[in-house]
Amino acid sequence: EPEVTQTPSHQVTQMGQEVILRCVPISNHLYFYWYRQILGQKVEFLVSFYNNEISEKSEIFDDQFSVERPDGSNFTLKIRSTKLEDSAMYFCASSALMGNTEAFFGQGTRLTVV
Amino acid sequence: GDSVTQMEGPVTLSEEAFLTINCTYTATGYPSLFWYVQYPGEGLQLLLKATKADDKGSNKGFEATYRKETTSFHLEKGSVQVSDSAVYFCALSGGYGGATNKLIFGTGTLLAVQP
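Protein sequences appear in the order of chains A and B.
Position 109, counted from 1, in the first sequence is what my numbering calls 109; the numbers after and before it change by one each time, with no gaps.
So the mapping is simple: my numbering equals the position in the second sequence, first residue as 1, plus 1000.
For reference, chain A alone in the conformation it holds in the complex (with noise of 0.2 angstroms):
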């Protein structure tokens, strides 16, 4: 069964340092997002991105953060210069249509800032 897949499982890194996560999403799908849940709190939106482009970004996606497609197959988050409060788990999903259409997720990646 396709799925969406994430690495690494957990990282560790120390505060100021860039960070990029990866993520391959589901072969055919066009759209695909980033999600975030801090310790104890919802799971939050990031960002959407189809056609190479950002399609959508919350409050928290700030000049910090960039997406890329660099390849045709992966998906990365990075995070320039990180915070502590930044140490959450990032979740990467992708879809295969617009609109109320399922997301399928990967298993996360735990990021704590030190």
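Worth double-checking, as some hints may not be accurate.
The calculated BS3-like cross-link candidates involving lysine-lysine, where the alpha carbons are at most 30 angstroms apart (straight line), are [said to hold, decoys possible]:
hint	chain 1	residue 1	chain 2	residue 2
1	B	1068	B	1052
2	B	1068	A	57
3	B	1068	B	1056
4	B	1052	A	42
5	A	42	A	78
6	B	1060	B	1077
7	B	1060	A	57
8	A	83	A	57
9	A	57	B	1052
10	A	57	A	78
11	A	42	A	57
12	A	42	B	1068
13	A	42	B	1060
14	A	83	A	42
15	B	1056	B	1077
16	A	42	B	1077
17	B	1052	B	1077
The set of hints was computed from the structure by calculation and includes no laboratory data.
Got chain A; can you put chain B on it based on the hints?
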């Protein structure tokens, strides 16, 4: 803005007990409603969905009915199993008249089923 509120956990039940996890929402427009489940060590999986008022979503013995009059989408199962132990997330999308496909999640409810 749109939001989802679900009951606090953890919910601890004995095997074969009846399960209800409450979920209410606030949205403009006509959202679709979802329940996602996260088993230990795994990602979020869609459990069921309903796209319009009075629709009932069902899967693996779980059911939820889209109630527009009470803005609710409560999750129910008649007889839970130990294997149902997981975190359950209520979510909505398309509240802005369908113009967006981002999901808005509740906080999640941890269900622990004891043998």
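Structure-based check of each hint:
no. : hint            : verdict
1   : B:1068 / B:1052 : 9 angstroms, holds
2   : B:1068 / A:57   : 28 angstroms, holds
3   : B:1068 / B:1056 : 12 angstroms, holds
4   : B:1052 / A:42   : 24 angstroms, holds
5   : A:42 / A:78     : 21 angstroms, holds
6   : B:1060 / B:1077 : 9 angstroms, holds
7   : B:1060 / A:57   : 34 angstroms, violated
8   : A:83 / A:57     : 19 angstroms, holds
9   : A:57 / B:1052   : 26 angstroms, holds
10  : A:57 / A:78     : 14 angstroms, holds
11  : A:42 / A:57     : 17 angstroms, holds
12  : A:42 / B:1068   : 23 angstroms, holds
13  : A:42 / B:1060   : 25 angstroms, holds
14  : A:83 / A:42     : 19 angstroms, holds
15  : B:1056 / B:1077 : 13 angstroms, holds
16  : A:42 / B:1077   : 24 angstroms, holds
17  : B:1052 / B:1077 : 21 angstroms, holds
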